[in-house]
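Engineer: In case you want the letters, here they are:
There are 2 protein chains.
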Amino acid sequence: MEKINLKHLADELHLSTSTVSRALQDSHQISTETKRRVMELAHKLDYVPNPHASSLGSRKSKTIAVVIPEVFDSYFAQAINGIETVAQAHGYHVLIYLTHESAQQEQAILHAFQGGRVDGVLMSVSAETSSTEHIEALQAQGVPVAFFDRAADGIETACVTTNDLESSYLATRHLLDCGCTNLALLSISRQLSIGRQRIAGFQKALAEHGVAFEESAIIDCTNDPEENYRIIRKALEARPRPDGLLVTVELLTVSAYQACYDLHLGIPAEVKVVSFSNSRSATILNPALTTISQPAFETGKTAATLLLKGLKNNNKALVAGQVVLPSLLNIRASTVGVPAERLPV
Amino acid sequence: MEKINLKHLADELHLSTSTVSRALQDSHQISTETKRRVMELAHKLDYVPNPHASSLGSRKSKTIAVVIPEVFDSYFAQAINGIETVAQAHGYHVLIYLTHESAQQEQAILHAFQGGRVDGVLMSVSAETSSTEHIEALQAQGVPVAFFDRAADGIETACVTTNDLESSYLATRHLLDCGCTNLALLSISRQLSIGRQRIAGFQKALAEHGVAFEESAIIDCTNDPEENYRIIRKALEARPRPDGLLVTVELLTVSAYQACYDLHLGIPAEVKVVSFSNSRSATILNPALTTISQPAFETGKTAATLLLKGLKNNNKALVAGQVVLPSLLNIRASTVGVPAERLPV
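So the protein sequences, as listed, match chains W and D. Just so it is clear: in the first sequence, position 77 is 77 by the working numbering, and no numbers are missing. Just so it is clear: in the second sequence, position 40 is 1040 by the working numbering, and no numbers are missing.
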């Protein structure tokens, strides 16, 4: 089967390729009758426009990029589903790009977008991202960028997050109410706004409880599971030993549980654990995991809606402002010790 | 910052845009000195080619598409990482497309590729896919397609899978060796080759053990967690009750465990469970999960290598043939009942 191109259509209809092209783009310069003939033949021969060629005319790729750190995380998997729901309803393609938490990768990806590959970008910045020049350069070229979950500081645009400070505060208060006296917070993104908010919520709860905050309570982890296991194990071997962990990134949960197992520390008897996690496995872990679960699907939907609204109105500068959706604390056996099967899920 | 385009470069250098364009493409029609001047200015002004424009010339997007059912599954997340490792080393972009197990979505995605958006496609077909016309149509237009994990029947191309029959046979034999007498297999893709292979391995082990195979032992599940919970719970309420489950898709594990919990069926005392799963959480489940883990990263790497080799040699018809990489059986508490922390992980 040979690929049908503009020239085939033009030859068959005894028209110029430029007339066929303009007819397919519904140009006012072409008569209704000609448009009808072109459309009919294009349909009959199953003509598919070359997206590169038609983009040159319209300067629209009908494509949005989603730039995220990882797909291992249930949060991002659910957010992608929310984004796709909205994009598909508006005829947009969604392309997914992974930074693997590398600022350099993120810069390379955004630089490639300057060529006009995508109409707009939804992003959740990498844990390493500290400068924002690559994002501003893209905005300056008229490609709108909106953030979800992890925003970059100092960029004026639409941003959909959850109430990170408040939910971290609630989780910390829950650990203190369960009797913990020496808490640690596991983080991979202390320099990001999201990381700082979660630390601020942690500090607020400690202060309210009359517990002094020590810098050493913040444990910096990485993107490598093996290294995280060593870091967390070392933290649990320190004296006084932490008796409560606030895990601010889902992927750290396996390393934290494994370190407790290997050190024969009972969860929750000796160490209580709360994780920011959207994993469906939370209810079947040993023990079932108390989680802060974020409205991932809704966040993706809302961010995509804001971006597409901006694109539709040709309003390349998206309305700056933050939409904050609430997270939920789900109390399970990793903090309260009731057998998993007795708890609501 | 205004976007630098070909015209800016041409005006500055007093050359025509077509000369600048050909110089940037290293055309033999342009003198070395002119090429040098153009390259220097392009570099100085940080010129980024419009990918749509340059694609029209070279007919190469330097992009490969990965078409997969889901990103919730650890297997696909790891396979993507393997694919990206190879693609990045060769300067290719990787675009990820999700079918959500829908044959219709898969057809729409592949149809859009006919416009020349990507140079080649790596795919793992949806659970619903039964006809292959959409794949053949793409191949007929010179876009090579290679399969990984889940292949479509009857398409001659490169294909990287695991030893599904053998590993399913091993898992089933393990369940029988543990004393199970009434096994059930949970599937979502009975019509795919991968699903049939796993069922064949199951049947082979039963036959060797002198156990008759009943059609009712195959439990058809879906892509919806709530529905799967109901299906699996119903299967576990049947008499005689299954005392061993071979879970052939990772996402069914949570529903299977939850159904056992809610029916107060002890794992492994009353029901033993083995899952095809690459989840890092397997070791921290309650109880730790016996798994068949697939070489996901290697599979992605190998499939991408075969595709890029074909593209490089302009050999659009990839060498047909199957690469089979071995999976591993990891025995944990969900079949043998030893506490999770005592077992090698």
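Take the hints with a grain of salt, since some may be wrong.
[Said to hold, decoys possible] Cβ-to-Cβ under 8 Å is the rule here; a few derived chain D residues that face chain W:
no., residue
1, 1072
2, 1155
3, 1285
Please keep in mind that the hints were generated in silico from the structure rather than gathered at the bench. Small disclaimer: the values here were computed from a predicted structure and weren't measured. Glycine residues also receive a C-beta, built at the ideal position from the N, C-alpha and C atoms.
Engineer: Now look at each hint and say whether the structure bears it out.
Structural biologist: Verification of the supplied hints:
no.: 1; hint: 1072; verdict: holds, 5 Å
no.: 2; hint: 1155; verdict: violated, 15 Å
no.: 3; hint: 1285; verdict: holds, 5 Å
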